[in-house]
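Novice: In order, the protein sequence lines correspond to chains A and B.
Under this note's numbering, the final residue of the first sequence carries the number 459; numbering is consecutive throughout.
Under this note's numbering, the final residue of the second sequence carries the number 459; numbering is consecutive throughout.
Since the hints were derived computationally from the structure, they do not count as laboratory data.
Check before you lean on any hint, since a few could be wrong.
No copy labels: a pair is met if it fits in one copy or bridges any two.
Said to hold, decoys possible - Capping the alpha-carbon separation at 27 Å, the derived lysine-lysine pairs in DSS-like fashion look like this:
1) K365 / K245
2) K217 / K232
3) K246 / K217
4) K116 / K169
5) K144 / K116
6) K246 / K365
7) K163 / K147
8) K248 / K454
9) K396 / K421
10) K276 / K163
11) K454 / K217
12) K365 / K276
13) K246 / K396
14) K245 / K217
15) K280 / K246
Note that this is a predicted model, so its numbers are computed, not measured.
Number of protein chains: 2
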Amino acid sequence: MKYISADARLALYAEGEFGKGRSKTAEGVMRYGQNPIAAVIDSTATGKTIKETVGIDCPAPIVASIKDSLAYKPNVLLLGTAPTGGRLPDSWRADIILAIENGLDIVSGLHDFLEDDPEIKAAASAHGKLLLDVRKAPEDLPIASGLAKKVKGFTVLTVGSDVSIGKMTTSLELLRSAEKRNLKAEFVATGQTGIMVTGGRGIAVDRVIGDFMAGAAEQMVLAADENCELIFVEGQGSLAHPGFSGVTLSLLHGSCPKAMILCHQPSRKLIGRLPDFPVLDLNRMIALNETMAALMQPAKVVGIALNTNGLNEEEARLAILTIEKEIGLPCIDPVRFGGDVLIDAILAARKNYLATTKQLVEH
Amino acid sequence: MKYISADARLALYAEGEFGKGRSKTAEGVMRYGQNPIAAVIDSTATGKTIKETVGIDCPAPIVASIKDSLAYKPNVLLLGTAPTGGRLPDSWRADIILAIENGLDIVSGLHDFLEDDPEIKAAASAHGKLLLDVRKAPEDLPIASGLAKKVKGFTVLTVGSDVSIGKMTTSLELLRSAEKRNLKAEFVATGQTGIMVTGGRGIAVDRVIGDFMAGAAEQMVLAADENCELIFVEGQGSLAHPGFSGVTLSLLHGSCPKAMILCHQPSRKLIGRLPDFPVLDLNRMIALNETMAALMQPAKVVGIALNTNGLNEEEARLAILTIEKEIGLPCIDPVRFGGDVLIDAILAARKNYLATTKQLVEH
Numbered sequence: 097m098k099y100i101s102a103d104a105r106l107a108l109y110a111e112g113e114f115g116k117g118r119s120k121t122a123e124g125v126m127r128y129g130q131n132p133i134a135a136v137i138d139s140t141a142t143g144k145t146i147k148e149t150v151g152i153d154c155p156a157p158i159v160a161s162i163k164d165s166l167a168y169k170p171n172v173l174l175l176g177t178a179p180t181g182g183r184l185p186d187s188w189r190a191d192i193i194l195a196i197e198n199g200l201d202i203v204s205g206l207h208d209f210l211e212d213d214p215e216i217k218a219a220a221s222a223h224g225k226l227l228l229d230v231r232k233a234p235e236d237l238p239i240a241s242g243l244a245k246k247v248k249g250f251t252v253l254t255v256g257s258d259v260s261i262g263k264m265t266t267s268l269e270l271l272r273s274a275e276k277r278n279l280k281a282e283f284v285a286t287g288q289t290g291i292m293v294t295g296g297r298g299i300a301v302d303r304v305i306g307d308f309m310a311g312a313a314e315q316m317v318l319a320a321d322e323n324c325e326l327i328f329v330e331g332q333g334s335l336a337h338p339g340f341s342g343v344t345l346s347l348l349h350g351s352c353p354k355a356m357i358l359c360h361q362p363s364r365k366l367i368g369r370l371p372d373f374p375v376l377d378l379n380r381m382i383a384l385n386e387t388m389a390a391l392m393q394p395a396k397v398v399g400i401a402l403n404t405n406g407l408n409e410e411e412a413r414l415a416i417l418t419i420e421k422e423i424g425l426p427c428i429d430p431v432r433f434g435g436d437v438l439i440d441a442i443l444a445a446r447k448n449y450l451a452t453t454k455q456l457v458e459h
Numbered sequence: 097m098k099y100i101s102a103d104a105r106l107a108l109y110a111e112g113e114f115g116k117g118r119s120k121t122a123e124g125v126m127r128y129g130q131n132p133i134a135a136v137i138d139s140t141a142t143g144k145t146i147k148e149t150v151g152i153d154c155p156a157p158i159v160a161s162i163k164d165s166l167a168y169k170p171n172v173l174l175l176g177t178a179p180t181g182g183r184l185p186d187s188w189r190a191d192i193i194l195a196i197e198n199g200l201d202i203v204s205g206l207h208d209f210l211e212d213d214p215e216i217k218a219a220a221s222a223h224g225k226l227l228l229d230v231r232k233a234p235e236d237l238p239i240a241s242g243l244a245k246k247v248k249g250f251t252v253l254t255v256g257s258d259v260s261i262g263k264m265t266t267s268l269e270l271l272r273s274a275e276k277r278n279l280k281a282e283f284v285a286t287g288q289t290g291i292m293v294t295g296g297r298g299i300a301v302d303r304v305i306g307d308f309m310a311g312a313a314e315q316m317v318l319a320a321d322e323n324c325e326l327i328f329v330e331g332q333g334s335l336a337h338p339g340f341s342g343v344t345l346s347l348l349h350g351s352c353p354k355a356m357i358l359c360h361q362p363s364r365k366l367i368g369r370l371p372d373f374p375v376l377d378l379n380r381m382i383a384l385n386e387t388m389a390a391l392m393q394p395a396k397v398v399g400i401a402l403n404t405n406g407l408n409e410e411e412a413r414l415a416i417l418t419i420e421k422e423i424g425l426p427c428i429d430p431v432r433f434g435g436d437v438l439i440d441a442i443l444a445a446r447k448n449y450l451a452t453t454k455q456l457v458e459h
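Let the hints inform the model, and build the full structure from the sequences given.
Specialist: Structural data, given as structure tokens:
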């Protein structure tokens, strides 16, 4: 396994897409990654700052081309948008090769591996540059057998009323809040952006062969530090999405959470933008996740992470209060207001769990 | 895509495993496939007939080796057992190469592809023989979007209280019973044995990358004949199995069944032989499947296919009556007593569905 070295300067490639809803990889890496950002590349987004475009405090410039980015001394070109289906757009190839020729390693989260592209591979070999396909899963994954139930840490999985709704972001905000309280916590990356944020650690579960998806999640949870108190597993998809529900359930059954946080965005009306699939009533969504989780061990949704993107602060606070009242669970937008409310809910659930387990052991 | 020609004579390789619970591929091909069987190869099972060993009326002999099988003029060696995890056992390699050297094509349902094994590949090239890895999925599968809801045929998925419990067998028995009544019906193969039975048509959904599993099922259901009345989709795994539930749900959401048949075996106590996972109460299992199916469209479990393997006829009939009384659904062992009872239940559900749809259209 290759990793991204912690001091590598990243050029984030988001041509034509920065801040238009499809650059979540670039945004995630800026917000949560440890590497310095050299520049964002998008010829359609120059003239504004990153802060103005996506609301993230990052001093790097937005530039128009690979060539323009070189002035900011990047070491790595990171492909920061996610084309549907994860295929490599033909228009990217020339830019990737140009970056290689200018001395950059390439990091990609596409389903199509750069290593399988003859032109890109040849360029990388010729210039001695690395191609890191973070979605490439390890060989020899196990078939899950429910072992993750037994880890000592309190495993918390983020689940969602839709796809791309903030599950990774929520898990990472929970990690931050937990670390601020000096709790020993780990983040388990299960998608390409999460893996990039952690410098290359994790397994993109949606890229794993069906039979081994849950096994990948199980293996990662089992590998978490014995002494860690909280294990935050990045969720994927939604149980209600026709295309991705199998990935979601594999994660749920492979990671065996002891509690879940439901991620939701009030403005979403459709699941995966599919006209026939309205977002479910939240109580039904919670019941679905708890029903399926219970096949491994009882686990409740203990809080709601509300994605209030697009609302002003007053609207956001109102939306949070409304959900809290309707559903009767702690609710917050952890990106906007921090994850403390949710950590409190998780710690309460953990205390309860430990008390029950202790009772079971003593009797 | 390569297919098995309909007149190819098959040698079924089941070394050490024939009739011991792990030769379901060999048995499935014997029972439902269209190809003539030349011989079964298992040095530990010689001296008995196939009928005595697995109860299938097949006149082919059981022989001790590849060499011994040659007297029966096979054209194809079909790997007829399923090692855990689908890896190629080292001990098989020499036998496979010997078969190639003696003029046989090889058909395999392993996760490990024969084409990726340098020695086997070299032997096949040298002797001009075909390697057919039926588990190899096509490229460019779609992401499912619930389109299979809209097919004209009445889609029936087999689901299970456990893995390896008779889902493929039940779907194939239903196909037989439907065809006897001159109903236009199709079988959608989703696993390696099902694909072998159909001569190479179908997609092994459990071998597909997570994001595209449901898409594979959707694509196959959409490809079914517009005029077919019944579409029998071979189910996989179980929603309650920690390792395979994601595959199961992908099939359920990709194929969008309008009715389900639950496959069950009364003697099974554990899911996937896992000590912590007792087989669920059948009513809970039914509710689980109906809850998850309803996310696409309402679909009921309309009958139970009982695997009465190991029971004598009287015990089997009693077990069937007991389940029928307890659950209140039609129940039969379709292998032992034919699928008519279940076809009746499916046709009643179809009539009901068509009446409801018609009403909706008229209003």
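Novice: Treating 27 Å as the Cα threshold, decide for K245 and K217: within, between, both or neither.
Specialist: So K245 and K217 fail the 27 Å test inside a copy (41 Å) and across (42 Å) alike.
Novice: Checking an output row: K248 and K454, CA cutoff 27 Å. Within, between, both or neither?
Specialist: The answer is within: 13 Å in one copy meets 27 Å, while 56 Å across copies does not.
Novice: Pop the pair K217 and K232 into one bin, within, between, both or neither, using alpha-carbon distances up to 27 Å.
Specialist: both (15 Å within a copy, 24 Å between copies)
Novice: Reference check for the pair K365 and K245, CA-CA at most 27 Å: within, between, both, or neither?
Specialist: between (34 Å within a copy, 20 Å between copies)
Novice: At most 27 Å between CA atoms: does that hold for K116 and K169 within a copy, between copies, both, or neither?
Specialist: within (26 Å within a copy, 64 Å between copies)
Novice: Please work out whether the CA atoms of K365 and K276 approach to 27 Å or closer within one copy, between two copies, in both situations, or in neither?
Specialist: Neither: 35 Å inside a copy, 47 Å across copies.
Novice: From the Cα coordinates, with 27 Å as the cut-off, is the pair K454 and K217 best called within, between, both, or neither?
Specialist: neither (55 Å within a copy, 57 Å between copies)
Novice: Reference check for the pair K396 and K421, CA-CA at most 27 Å: within, between, both, or neither?
Specialist: This pair counts as within: shortest intra-copy Cα distance 18 Å, inter-copy 34 Å.
Novice: How would you label the pair K144, K116 (within, between, both, or neither) given a Cα cut-off of 27 Å?
Specialist: within (14 Å within a copy, 69 Å between copies)
Novice: Between copies, within a copy, both or neither: which fits K246 and K217 at Cα up to 27 Å?
Specialist: This pair counts as neither: shortest intra-copy Cα distance 43 Å, inter-copy 43 Å.
Novice: At 27 Å max between alpha carbons, let me know whether K276 reaches K163 within a copy, between copies, both or neither.
Specialist: Result: close neither inside a copy nor across copies, 40 Å intra and 69 Å inter.
Novice: First find the shortest C-alpha distance between K163 and K147 inside one copy, then the shortest across copies, and answer within, between, both or neither for a cut-off of 27 Å.
Specialist: Within. Shortest intra-copy distance 23 Å satisfies the 27 Å Cα cut-off; inter-copy 73 Å does not.
Going through the hint list in order, the structure does not satisfy hints 3, 10, 11, 12 and 14.
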